[in-house]
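J.: Now that you have both chains on their own, put them together as the hints suggest.
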Amino acid sequence: MLVAAASTSILIVFLIFLFLGREAAPFISEPGLGRLLDAKWIPVSFQEEHFGLLPLISGSVLVTVMAMIITVPFSVLGAIYIAEVARPLERELLKPFIEILASIPSVVLGFFGLVVLAPLVKGLFGLQTGLNAMTGALLLALMAIPTVISISEDAIMSVPSVYKRASLALGASRLQTIWRVVVPAALPGIIAAVMLGVGRVVGETMAVLMVTGNSAVITFSPLHSVRTMTATIAAEMGEVPFGSIHYQALFWVGIVLLVVTFLLNVLAQRVLKKYGMMK
Amino acid sequence: MRKIFFFLTGLLAVALVGGCGSGDRDTGVDTGSSAGTEARYLTIKGSDTMVHLVSTWAEDFMASRPESEISVTGGGSGTGIAALINGTTDICAASRSIKEQERKLATDNGKNPVEIAVARDGIAVIVNQANPVSELSIDQIGGIFSGTVTNWQEVGGPDQPIIVLSRESSSGTFIFFQEHVLNKADYTQQARFLPGTSAVVQAVNADRGAIGYVGLGFATQKGVGGIKVLSVKPDQASPAVAPSEETVRSGTYAIARPLFLYTSNEPSGLVKEFIDYCLGPDGQEIVRDTGYVSVQ
Numbered sequence: 001m002l003v004a005a006a007s008t009s010i011l012i013v014f015l016i017f018l019f020l021g022r023e024a025a026p027f028i029s030e031p032g033l034g035r036l037l038d039a040k041w042i043p044v045s046f047q048e049e050h051f052g053l054l055p056l057i058s059g060s061v062l063v064t065v066m067a068m069i070i071t072v073p074f075s076v077l078g079a080i081y082i083a084e085v086a087r088p089l090e091r092e093l094l095k096p097f098i099e100i101l102a103s104i105p106s107v108v109l110g111f112f113g114l115v116v117l118a119p120l121v122k123g124l125f126g127l128q129t130g131l132n133a134m135t136g137a138l139l140l141a142l143m144a145i146p147t148v149i150s151i152s153e154d155a156i157m158s159v160p161s162v163y164k165r166a167s168l169a170l171g172a173s174r175l176q177t178i179w180r181v182v183v184p185a186a187l188p189g190i191i192a193a194v195m196l197g198v199g200r201v202v203g204e205t206m207a208v209l210m211v212t213g214n215s216a217v218i219t220f221s222p223l224h225s226v227r228t229m230t231a232t233i234a235a236e237m238g239e240v241p242f243g244s245i246h247y248q249a250l251f252w253v254g255i256v257l258l259v260v261t262f263l264l265n266v267l268a269q270r271v272l273k274k275y276g277m278m279k
Numbered sequence: 001m002r003k004i005f006f007f008l009t010g011l012l013a014v015a016l017v018g019g020c021g022s023g024d025r026d027t028g029v030d031t032g033s034s035a036g037t038e039a040r041y042l043t044i045k046g047s048d049t050m051v052h053l054v055s056t057w058a059e060d061f062m063a064s065r066p067e068s069e070i071s072v073t074g075g076g077s078g079t080g081i082a083a084l085i086n087g088t089t090d091i092c093a094a095s096r097s098i099k100e101q102e103r104k105l106a107t108d109n110g111k112n113p114v115e116i117a118v119a120r121d122g123i124a125v126i127v128n129q130a131n132p133v134s135e136l137s138i139d140q141i142g143g144i145f146s147g148t149v150t151n152w153q154e155v156g157g158p159d160q161p162i163i164v165l166s167r168e169s170s171s172g173t174f175i176f177f178q179e180h181v182l183n184k185a186d187y188t189q190q191a192r193f194l195p196g197t198s199a200v201v202q203a204v205n206a207d208r209g210a211i212g213y214v215g216l217g218f219a220t221q222k223g224v225g226g227i228k229v230l231s232v233k234p235d236q237a238s239p240a241v242a243p244s245e246e247t248v249r250s251g252t253y254a255i256a257r258p259l260f261l262y263t264s265n266e267p268s269g270l271v272k273e274f275i276d277y278c279l280g281p282d283g284q285e286i287v288r289d290t291g292y293v294s295v296q
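Chains A and B, in that order, give the protein sequences. According to this note's numbering, the first sequence is numbered sequentially starting from 1. According to this note's numbering, the second sequence is numbered sequentially starting from 1.
Please keep in mind that the hints were generated in silico from the structure rather than gathered at the bench. Where hints are given, some of them may not hold.
[To be verified] Once the Cα atoms are required to be at most 25 angstroms apart in a straight line, the calculated DMTMM-like pairs of lysine to aspartate or glutamate come out as: (1) K184/B - E90/A; (2) K184/B - E48/A; (3) K122/A - D159/B.
Okay, chain B solo, but in the shape it has when bound (with noise of 0.2 angstroms):
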């Protein structure tokens, strides 16, 4: 009896070691790429800041097709990009552009990503309302997230520490403001790092001294209480441009950022159907509906 049992588990354990190996990670959804086969579930994963937007579009695409079945999820744009190269999503919706790197991991997993600009975001610096400070320059804002701006003094407010809240590093905005205000430097080692948009909102509204940045629509759309969004100087010398619609399609807001969806390869079937919604004229409606700006 004993050797019987041994047996098994020496089996169950052989068995399990070779499930582990890495095999075609497919999710056995057809993207389309055979003609004429309607893929009736689509799978979108990526940006947090993204999330609500997408499942905005979700909604809107299933009420019309009934037989499509959408599923959005967020986690950060890493997270979606890495879905996207092992093959768990057909899209990924990206709140920054896919690295070369990933981009290099992609092809070597057969898949091609096609980035398609959807829509355009402004990020919002915020701060706590009782902070009198209203406006800063790029540099300052840049100075405060990097650590050599470290008391609210230095930049024209009272004397108090700056508390730097980020997002984490895998969050799409995390990147792009890593990229373009901090101008490639690292986060300071003192900033606080919170697992999401909400929890930087809610950790703003609580402490006076601290400051954080989320995207335009989560900033302004709820109409959130105890926060103050900060107009921003592209340079010392340049008026303070508070952002909204008008100034991030015109460009006038410095920080602001194409939002993307990405595919594994040339869009087709299902997959096109939904890009092409988001694209046309009642998707571009709902990106200004949820405080985006359209890419029209």
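Just chain A, same shape as in the assembly (with noise of 0.2 angstroms):
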């Protein structure tokens, strides 16, 4: 039973890894995969349709780049002091609410992000619109923080408290105890809880359709629009013909989403493994 379970969870992932790279292969060789290394993405046009995945690509990486730049210290900071330094009360007023950022659905944050971050996010830096990398990242920390946060608190948790009680009779102050000792010893913990972050920001669609402006544009610059690979799916898969080259182009878009969250994935279970002491 239990084995009948597990077995159907590993055959749907290869049969999704096989639907994808069926509906995908004919691209391979009618336009070419070189087509896919082009600098521009547009797929409908009355001149010429460049199926170029790198500004989609760039566009993922420079937003996800930017949210974990945000995430990781209020995630980290946040675990740390409810692990180790919040009363209970504290605790059990904070805990509650992370629970409930993280279940507010991701529409209606992208809903939040197009009428209050991005006039915020627009005045602040004076931009002529509110539509671009900047207001996305913000989002996607919002949605990132809440997953980072209780899996780095799990992993601070699980030091074991002879670690912190040798520390502190050695004469270490509090303080120098958690930096020097309790986090250290978490790091596995932490870094795959930020891996964990990564995967779900990569994969978010519908907050950074809304607020991202979604322009092909290979940019590093974080006030630019952009458009992520998720957001073209999400926009474009509706209209294409069955079929067709633009059809194929977008399901490759899906196996480079695909690749790099499983990539991800096993990547934190590794690191996890490996400093195996803690899970």
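T.: Structural data, given as structure tokens:
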């Protein structure tokens, strides 16, 4: 019974890869894989169609990196606070709210971003419009923080208390104990948490579709509009004539996304296992 | 025990893979091709520009024929045509005409698309209310959207960069605008692509340097605040014409287009009844009420 349940999930993952591969395969012969390395993504055009994945990958990377730059300090410090410093009463108050933040539907957060965050970013940086990578990154950080905080907090809590007690017994202050003993010991768990956060951020669709402006350009400026891989699939999949080159190109976008998140997850599992004392 | 469960899992795998084959994608809805059978359900998918109009038609139609049920969805003209090709809709609403490659895909799939013009629409070019510019020529608009013109100064406005807003490529409005105003040039890489008409209106409302395009019905109908509709000059010498019902029907407004309903084959049964209703006096009255222009 249990073996069957586990086998089913392996089977489904395998079938997803198979299905994606089957739908994307014709692209290899017809326009050729080299077209995916183009610098432009213009799938619908009277002039010439471009199916370059580079702008989309750059958009996803920019938004993800910026989101993690915001998320990691907030989450790690937050997790340390909740696990080590907070009084029990504060802990009881903070944890439910973090859970609530995690459970808000992403499209609601996207709406919040459109109506509240975008004008804020526009005013703060004196821009012409608030639809850019920065707004998207802020929203994604809001979504990733609960995930990273919870798992980091688990990692910190599971550091054996003997370590802390030994450190305190040797005369270290609480702060020194936290930064020199507890956090390094919990580091593998924290790294795994960050990687899972990245996985969550990379796969986010609705929020980025609504606030990033969706311009397919290769840029590393956070105040510029970008187009992510996920938003591209969401926006264009409904339209494409079934089986056309555009359709196949979109499946290649899906394959890239799937491979990235798969690798991230495998890596996170490896890290957790290698320093396996914790989990 | 384990062997049995592995066997069952294998069986499940075979069943799943077998079911994945591209079988007949018919909805099973009788489109009325067999004479005498009254179909009770009707699906209409397609243009976002037309979705309000088609919904109003559907509601009125269902009120007078209580045994019928019509479902209306948007998603863009491209979505509707794709659904028509795949056989997942009876009628497709499109704000552009079907492309040659789409027509070929349809006939390959055994469908023969029939085009019926049911209304006319103007595309309004909108700017923020605070923008002093109130008229532009088609060439200037084309230059702005294709990226050759980047500052409002170049077209008689203040010194401010132009924020170009567009619909996504699944929109019929996108295709029509590209074909007739941009003269088939690509949209500028700096343009921001928004997922729907209301998103475009909202963004123009919020940003002073923004310019976008929407169907006339959306721009004028609800009295949306914060935006201004530009008058369009067909060329530099001619006078500017503001979009309205009269100018669209008479053809003096330069950016106007017919709105279509497509069916898989010659309409019959409930599909034909619905289309006759849309072209009739009641249907065309609704066209006028929702801010479009009637074909009669």
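J.: So, for every hint listed, does it hold in this structure?
T.: Quick rundown of the hints versus the structure:
{"no.": "1", "hint": "K184/B - E90/A", "result": "61 angstroms, violated"}
{"no.": "2", "hint": "K184/B - E48/A", "result": "10 angstroms, holds"}
{"no.": "3", "hint": "K122/A - D159/B", "result": "18 angstroms, holds"}
Taken one by one, the earlier hints fail for this structure only at number 1.
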